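4 protein chains.
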Amino acid sequence: MYVTLKQDVLDPQGKAIARASAQLGYESVKSVRQGKLFELELDAQDEPAARRLLDELSDKLLANPVIEDHRVVSIEN
Amino acid sequence: MYVTLKQDVLDPQGKAIARASAQLGYESVKSVRQGKLFELELDAQDEPAARRLLDELSDKLLANPVIEDHRVVSIEN
Amino acid sequence: MYVTLKQDVLDPQGKAIARASAQLGYESVKSVRQGKLFELELDAQDEPAARRLLDELSDKLLANPVIEDHRVVSIEN
Amino acid sequence: MYVTLKQDVLDPQGKAIARASAQLGYESVKSVRQGKLFELELDAQDEPAARRLLDELSDKLLANPVIEDHRVVSIEN
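Residue numbers (the working numbering), protein chains in the order written: chain A, 1 to 77; chain B, 1 to 77; chain C, 1 to 77; chain D, 1 to 77.
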């Protein structure tokens with residue numbers, strides 16, 4: 001699961017990486033946003049149940065919904 | 001692009017989240033590993049060129065290859 | 001220099017650590033807030049100049065002043 | 001409490017900030033290392049007890065002692 005700052009929230013760490021890329025000569029880097037990745041191993045009956053669990057965990061434990069979004073990216077069995 | 005601690009490197013922040021999940025009653029969470037996500041917007045001629053650029057950036061700027069792995073997860077036009 | 005979330009901004013990572021402490025039996029941990037530490041080595045004429053430089057860097061590069069505070073903690077020669 | 005990468009562990013995020021500072025014209029920034037700050041509120045009988053608790057928490061929950069150091073910076077009543 002990803003947790004990223006909402007689009008309208010300034011991300012200074014991402015900006016610093018974009019500037020550092022320019023300073024290293026990588027002018028083709030247009031923008032960088034930094035987020036968090038959480039890889040969870042869990043027991044769930046099926047994919048919808050896993051997804052519900054991840055949404056709950058995100059709200060209670062992983063993300064601040066005022067400034068951050070979360071996205072579940074893949075569920076493997 | 002993801003940057004994650006190598007499998008044999010202890011991840012205390014991931015472990016703390018797993019313990020916190022248990023404390024909240026989510027016993028189905030078996031393990032958590034925390035990593036970093038970098039969303040980059042870049043100019044590149046084609047996908048292999050984009051991938052080469054990301055590999056270089058990772059080595060020079062984003063990851064410590066001694067303790068971390070990186071993975072390019074998707075390239076959209 | 002420290003960069004911390006403002007007091008009224010929810011800190012899920014800090015909360016997860018507080019819960020994990022409880023789960024480990026450390027009931028004496030009342031709250032945890034997580035922040036970032038930046039250790040900078042710099043050339044500056046005197047302490048006020050160093051402090052001005054750090055305030056500028058914080059605004060431009062290290063912190064998002066809408067959601068974060070920064071604090072310069074010590075300046076050594 | 002601070003948790004920082006050991007001196008011999010490469011810190012790409014700190015390096016990126018140093019490069020970004022140079023790119024912004026702040027040539028006086030010689031190096032940057034990034035770490036984590038944990039502000040804990042706790043019940044403890046006295047300062048040595050608080051320090052012991054923090055050392056234990058660090059080992060079990062906050063730091064990876066193979067690659068990171070921790071330092072308790074101040075204890076207020």
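Hints were generated in silico from the structure; no laboratory data involved.
Every value quoted in this text rests on a predicted model; they were computed, and no experiment measured them.
Ideal placement from N, C-alpha and C gives every residue a C-beta, glycine not left out.
Any given hint could turn out to be false.
Unchecked claim - SDA-like mimics (lysine to any residue), calculated; alpha carbons at most 20 Å apart, straight line:
id	chain 1	residue 1	chain 2	residue 2
1	B	K15	C	A50
2	B	K60	A	Q34
3	A	K36	A	A22
Said to hold, decoys possible - A short, non-exhaustive set of chain C residues, derived as facing chain D with CB atoms under 8 Å:
id	residue
4	A20
5	F38
6	N64
What the hints assert, rightly or not - Stretch-level coverage of chain B by chain D, calculated; a stretch enters the list once three of its residues show a Cβ under 8 Å from a Cβ in chain D:
id	segment
7	1 to 11
8	64 to 70
Tested hints:
1. Distance restraint check for K15 (chain B) and A50 (chain C): the Cα-Cα separation of roughly 38 Å exceeds the 20 Å cut-off, and the hinted pair is therefore not satisfied.
2. The straight-line distance between the Cα atoms of K60 (chain B) and Q34 (chain A) is roughly 16 Å, inside the 20 Å bound, and the hint therefore holds.
3. Among the hinted pairs, K36 (chain A) with A22 (chain A) is inconsistent with the structure: their alpha-carbon atoms are about 23 Å apart, more than 20 Å.
4. For the restraint placing A20 (chain C) at the interface with chain D, the shortest Cβ-Cβ distance is roughly 6 Å, inside the 8 Å limit, so the hint holds.
5. Against a cut-off of 8 Å between C-beta atoms, the interface hint on F38 (chain C) holds, since the closest Cβ of chain D lies about 6 Å away.
6. Interface hint status for N64 (chain C): violated, as the beta-carbon distance to the closest one in chain D is roughly 14 Å, over 8 Å.
7. Counting residues of the segment 1 to 11 of chain B whose beta carbon lies closer than 8 Å to any beta carbon of chain D gives 3, which reaches the threshold of three, so the coverage claim holds.
8. For the segment 64 to 70 of chain B, the proposed coverage by chain D is satisfied: 3 residues have a C-beta within less than 8 Å of a C-beta in that chain, meeting the threshold of three.
In the structure shown, a violation is registered for the earlier hints numbered 1, 3 and 6, in ascending order.
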